[in-house]
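Enquirer: Protein chains in written order, with the working numbering: chain H, 1 to 309; chain Y, 310 to 732; chain B, 733 to 1103.
One thing to keep in mind: the hints can contain errors.
[Said to hold, decoys possible] Taking lysine-lysine and the DSS-like style, the derived pairs with C-alpha atoms no more than 30 Å apart in a straight line are:
hint, chain 1, residue 1, chain 2, residue 2
1, H, Lys200, H, Lys245
2, H, Lys287, Y, Lys499
3, H, Lys164, B, Lys1043
4, B, Lys933, Y, Lys406
5, B, Lys1010, Y, Lys341
6, B, Lys1010, B, Lys843
What the hints contain is simulated information worked out from the structure, not anything from laboratory work. This structure is a prediction, so every number in the text was calculated from the model and none was measured.
Listed here are the chains, written in short residue letters.
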Amino acid sequence: MIAQMNRRQALLGMVGIGGSVALAVTAGAEEHPAHPVAAPDAVAMLYDNTICTGCKACMPACNEANGLPPDTLLSGGLWDMPTDLNSKTKNIIKLYEEPDSSAFCFVKRQCMHCLDPACVTGCPFGALEKSGWGAVTWNSSLCIGCRYCEVGCPFDVPKFEWNKWNPKVVKCEFCYDRLKKEEQPACTAVCPTGAVIFGKRTDLLAKAKERIAGSPGKYFESRVYGEHEAGGTQVLYLSKVAFDKIGLPKLGSTSLGHYATKVSSVVYKWFSGPVLAACFLGSIIKKNWNRHEAERPEREKASGLRDQL
Amino acid sequence: MSARDIAGITLINHWQRGVPVYREPVVTPTLKVLAVIAVIGLSLAAARLFSPLSPFSGMNDAYAWGIWKTFNVMTLTALGSGPLALGLAAWVLNREKLHVVMRTALASGFLFYSTGLIALGIDVGRPWNFYNALLPWRWNAHSAMLEVAICMPIYCAIFLAFETLPMVLERFCYTGSAQTKATLRRLFPKFRRIYPFMITGAYVLPLMHQSSLGALLLLAGNKISPLWQSPMLPFLYLVAACVCGLGFVVFLLCIACLRYSRPLDVAILSELGTLLSGACFGFVFLQLADLAIRGQLGTAFRFDEMSVLLLIQVALILVPGIALRRRAARETPRTLLNMSIFACLGGMLYRFIPATIAFHPAPNATYFPSVPELLMSIGYIALATLAFGLAVKYFAVLPGNIAEWNYMFRRIGRTQQPVLRTQ
Amino acid sequence: MVAAPFALAITDKLTPEAVAAELGKAIRPPVIWLHFQDCTGCTETLLRPSHPDLGDLILNVISLEYHETLMAGSGRQAEQALTEAMQKYSGKYVCVVEGSIPTKDNGIYMKLAGRPAMEVLEDVGGKAAAIIAMGSCASWGGIPSADPAPTGAVGVANLLPNKPIVDLPGCPPNPYTLLGVVLQFAAYGTLPELDHERRPKFAYDRDIHEHCPRRAHFDAGRFVKQFGDEGHREGWCLYEMGCKGPDTHAGCSTRHFNEIPDVWPIGIGAPCIGCTEKNIAFRVPMFKVIQIHTTAEPPTTYAPIIAHQGKVSPIAAGVVGLAAGALAGAGYVASRKFSNVPDDESIPGSTAPKDSGNTPGGPGKDSASNR
Chain H
1 MIAQMNRRQA LLGMVGIGGS VALAVTAGAE EHPAHPVAAP DAVAMLYDNT ICTGCKACMP
61 ACNEANGLPP DTLLSGGLWD MPTDLNSKTK NIIKLYEEPD SSAFCFVKRQ CMHCLDPACV
121 TGCPFGALEK SGWGAVTWNS SLCIGCRYCE VGCPFDVPKF EWNKWNPKVV KCEFCYDRLK
181 KEEQPACTAV CPTGAVIFGK RTDLLAKAKE RIAGSPGKYF ESRVYGEHEA GGTQVLYLSK
241 VAFDKIGLPK LGSTSLGHYA TKVSSVVYKW FSGPVLAACF LGSIIKKNWN RHEAERPERE
301 KASGLRDQL
Chain Y
310 MSARDIAGIT LINHWQRGVP VYREPVVTPT LKVLAVIAVI GLSLAAARLF SPLSPFSGMN
370 DAYAWGIWKT FNVMTLTALG SGPLALGLAA WVLNREKLHV VMRTALASGF LFYSTGLIAL
430 GIDVGRPWNF YNALLPWRWN AHSAMLEVAI CMPIYCAIFL AFETLPMVLE RFCYTGSAQT
490 KATLRRLFPK FRRIYPFMIT GAYVLPLMHQ SSLGALLLLA GNKISPLWQS PMLPFLYLVA
550 ACVCGLGFVV FLLCIACLRY SRPLDVAILS ELGTLLSGAC FGFVFLQLAD LAIRGQLGTA
610 FRFDEMSVLL LIQVALILVP GIALRRRAAR ETPRTLLNMS IFACLGGMLY RFIPATIAFH
670 PAPNATYFPS VPELLMSIGY IALATLAFGL AVKYFAVLPG NIAEWNYMFR RIGRTQQPVL
730 RTQ
Chain B
733 MVAAPFALAI TDKLTPEAVA AELGKAIRPP VIWLHFQDCT GCTETLLRPS HPDLGDLILN
793 VISLEYHETL MAGSGRQAEQ ALTEAMQKYS GKYVCVVEGS IPTKDNGIYM KLAGRPAMEV
853 LEDVGGKAAA IIAMGSCASW GGIPSADPAP TGAVGVANLL PNKPIVDLPG CPPNPYTLLG
913 VVLQFAAYGT LPELDHERRP KFAYDRDIHE HCPRRAHFDA GRFVKQFGDE GHREGWCLYE
973 MGCKGPDTHA GCSTRHFNEI PDVWPIGIGA PCIGCTEKNI AFRVPMFKVI QIHTTAEPPT
1033 TYAPIIAHQG KVSPIAAGVV GLAAGALAGA GYVASRKFSN VPDDESIPGS TAPKDSGNTP
1093 GGPGKDSASN R
């Protein structure tokens, strides 16, 4: 089936393959580790829905800090009433009502600023990147609007301006401009009850665990959501009801970037995979092409016509 | 009996070289209808370039990819992987017979790819930033999307175009001016010298981007049903491309022979049938092995929506695999046609489902393409079909008998021409 | 508000008979007003309303038998008035208590005519038809009961749990609350509906926060950060200055004081200190920010956890269905044109049988003969 290779070629091929694979495997491993580690200066938000009263002060504060208009579509132009994160809403308070009961609680949704974000892994030209302090920011001059970030994000966070000709990808950017001025994000600054607070990720994780230890049985599963989910996020949640009831999906502790690039990071390291394939296929094709060309005069004589390529 | 290898030189019964379609008027009612559909689709596409996406599509934030990306690119370029599958079979596995039908595969593949890339270009929301593709320091090497966005245009515009050039340039060897003919005569030897390297690229690049199309879906994680989400997605997408590519070439050859009243060549079709059967078996084995290793075989037989879809898709590929093992079946035209249709449908389903029907981003989210979106998608397909329908008349694409070959090509502009037979 | 319509109706009339006729069967219920550990603020507050004003109240509406601040007499004359009223109206009078009652050391810290307050209360209150505990001190102990509570001050209900008591906490409570209770008793002989802390529901069933005029500022996140800052001048929400409004049940946010709108603590820029609530007033520091426990039902304008996205256009579905059907049909028709016979290389769609020799030229052979 495959044209015979001589021993020298076979040996070279094996060395080439073996060497490349070894190099690729060793070099490709760190890019997306299975369990990412937060940068030392990583900031975070801690949201505790046992404290949140649903006042929604964080929503107009966010709109104002980001220059976004209120989403008045459903309120007849009267007030900001989005039903989900969208191209005018980077941060939203949602209500969870327990069925068959009058119990309820709130949840604040915005970008989770994952430690190893799927959107950053997928963005072709790096328009979404993990910037200073771990904030995930969007750069309009690099974005081609392919919306792969929307497909990849496990929290369904990035939103697209479908109804604009110059569409932006809209999502919370941790008030990056304010972070640069050493200010807190607008939502944590305005929260009257301290339901959402800002700080270093290590500090907030410790504080969250203190709260859990101090009130056993108060928080769902006595754990912090975002400590390990999707490899860890920089927005942490404490909730009195199940996380998936308030819309926070059940996720494993490996990042999507790791899962998606496990094989490709090895195959494409230093382009070794394609180069190997090209060498391998190319050597066979060249051999067959040479034979095909050598047989061409006979064919042309037998049919009386020029060979078609 | 039909052709068999005689004294090392393959003599084929009916398909001996590419022959243009002579006895058909260029403009037929079908082509007129296709032209109308294509014009509608392309007008909408042109309008979309000056408009936001929302009036032209039903995409939303949950389903951010509509049918342009998932059907026109992901699914139809699988059908357009004929050049890859056939090329590997002909040049790497030494199936000499298949050289004759390469042109059909190339023409259809090139048209599927180019219309798919047009669809992709109209689909992106900020196309003016695409120049970043020329600046490698801005590339995110981890992104499967980058790989597709760079590799596919390079493949289509350089390597596939190079492979398609001979059939286009050939007519000018006969209809061109003396200067053109002289240039071409000088050009062809150079062409031949770089040909093996170019076709190596033409097989390596699709290996990369067809698997990257599958790798795109890896990032969606649990949003894709566990029956489809798997680390094997890239590899399975590649094998599905081979299945679809082979299946579509068989289908196209049969339908073209029906349409243009040409005899079939069972030897070549049977060869293709063998390859198709092998590819189908290979695919089903890999898919089922993947399901078994991931412990999802039980889920596959739950007979809920996802399970039924999967079983239908597996059946559509398995049945041709089994049916085409028998030589008698491979040499029966109707069986070949039906099985190739099944294989194509199965492969298309495999490529389409994980990105759309098995993609569940949020509980209450739905998506269905809007009417303009559908019209644009159908318009691109109509354009490809129309272009193919014209190409077979102006270029020597479809395989035919040497006796049919008469060294003449139609002049552009005139419809029916008397066909002269000169040496 | 109960008081206003009654009061307006009453004060038009000048003669007691006319008042009596207006009120119906009740004739000027007798009221005995006791002062214990008080500041007299709850009496003071009665000077403010004008519907009815104090004069109308005590001359036309009720028969005030004993009131240390208002009565003309003092000393033994006052004692005598009390004793006579108790005897004459025993079981029929309303006892209003102002001020808390000390209980430590046998209650020696407040004595009335040499008798400890506890004893007086038991005596006077015991014979009353109903007791109104006017003010926080009488309701649950008030300021004297603040830590360290050296006198063991308690409210009326602690000492007379089995009497019908209406608590009107507040420091002072809004006078119209008392007037409403009294006038209802005078007109119908009944007491208003009470909550679990014996407070009339018409005045105490909602908290300040629910009807606070500054609620919009709270909802929009506009808070005073420092007394005198710009927000304070703009009249923004005082929650961050320690306003206890969210946890305080009283009617102050709708019924302001002194009959001038916006004259009430929050209205003049002072955070509510929760003077009606026994767990808050004089216990929780005035400027300490409290936790808010939303007890109200959330409005329906919150975003649901799962929002709906996308829609299916029926026309598009129809188009797809038609296209799929057409393709399937065409595929079937096309396949029928292909021969079902193996090794048949004839032109598809031609009616010629397989070995008819119809196949055009070339070095082909008859299929049949070469098997």
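Enquirer: Now, for every hint given, state plainly whether the structure supports it.
Expert: Consistency of the hints with the structure:
1. H:Lys200 / H:Lys245: holds, 27 Å
2. H:Lys287 / Y:Lys499: holds, 18 Å
3. H:Lys164 / B:Lys1043: Status holds; Cα separation ~20 Å.
4. B:Lys933 / Y:Lys406: violated, 96 Å
5. B:Lys1010 / Y:Lys341: violated, 88 Å
6. B:Lys1010 / B:Lys843: holds, 25 Å
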